[in-house]
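Asks: Listed below, chain by chain, are the residues.
Protein chains: 2
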Amino acid sequence: MAADSGPSFETAAARPPQDEVRRIAHRAATRDFGWDGVEQRPYKEDERALYKTVTRQVLFSDPKMAGELRYFEVAPGGFSTLERHEHMHGVLILRGRGHCLVGNEVKRLETRDLVTVPPMTWHQFRATAGEPLGFLCMVNADRDKPQLPTADDVARLERNPEIAAFLNGKPM
Amino acid sequence: MAADSGPSFETAAARPPQDEVRRIAHRAATRDFGWDGVEQRPYKEDERALYKTVTRQVLFSDPKMAGELRYFEVAPGGFSTLERHEHMHGVLILRGRGHCLVGNEVKRLETRDLVTVPPMTWHQFRATAGEPLGFLCMVNADRDKPQLPTADDVARLERNPEIAAFLNGKPM
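If you read the protein sequences in the order shown, they are chains A and B. At position 69 of the first sequence the residue is numbered 61 (our numbering), and the sequence of numbers has no breaks. At position 3 of the second sequence the residue is numbered -5 (our numbering), and the sequence of numbers has no breaks.
Calculated directly from the structure, the hints in this document are not laboratory data. Here the structure is a predicted model, which means the values were calculated and not measured. Be aware that a few hints might be false.
No distinction is drawn between identical chains; accordingly, a pair holds when it is met within one copy or between any pair of copies.
[Claimed, not checked] Straight-line alpha carbon distances no greater than 30 Å define the calculated DSS-like cross-link-like pairs of lysine-lysine that follow:
hint, residue 1, residue 2
1, LYS137, LYS56
2, LYS99, LYS56
3, LYS162, LYS99
If we strip away everything but chain A, and leave its shape as in the complex, we get (with noise of 0.2 Å):
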């Protein structure tokens, strides 16, 4: 199931039989980041610890939108898996602060802020501010499977001591 696939956050949304609630007109919010007939899923923990606490809700997904809506909450402390894969993100914060890595930037972040990944680009998010950090983040709905970093690429990007703080939670 694509739900318990794996800690990317790349996973293809399960379509059947969510389609027909994704075309309820309507749905509220409801408290504390969820709505109406949206699914929360809660990501195991993985054992590799390639994440920590994330939560995802597909809020738009059907056969004739070519993009996807998804929110992902880190809650305080937990990170996103580091990873990268040719298609795009888009990414709008939602809800509290935290830090980004892109590339080869370290980004803090607040509320509504935007956030672009591009092809190719090594990216985690951690919620390093005490609080969630909840984000909205658009993807094709067609799109590769992320790849993880070998231990050789973490070494490369830990040489610039921005990112080795980040990735170490303690973003500078």
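Start from chain A and add chain B according to the hints.
Replies: For chain B alone, kept in the frame of chain A given last:
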């Protein structure tokens, strides 16, 4: 130019020279629902009064992305064009409250609510709550042009008193 071509929120994003800007990894939110490097495009008032006081900002648009994400803001008392088209909309209310029409249903909207506009479904957004109504709208980058209602279409919609009240700016 796409930016000036009309009242619809279906105008294609003007790609160059914003492409490079949109690949910038991080664009900070600014006061009052703007973003660094994102042009705010006020719509001209339409002499046919098809829409009123709507601004548009294209947040994500890239040849590598199959979807586009835009932010529209309707000033208090304003409204978007009543229209329909083959492509779908995926909408998230980012700011304020208001009402929308989708097909035969008028819905009251709160911040973070989701609205799905299926193919060939009449829709309109109205800032009915004395405050701006701002929303994200995901569409296919490749999409058809919107259709405007004929007088007959409007008459048919207004047979429903709830829709008539909405279209007259006073939802029940």
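Asks: For which of the previously enumerated hints does the structure constitute a violation, in increasing order of number?
Replies: none
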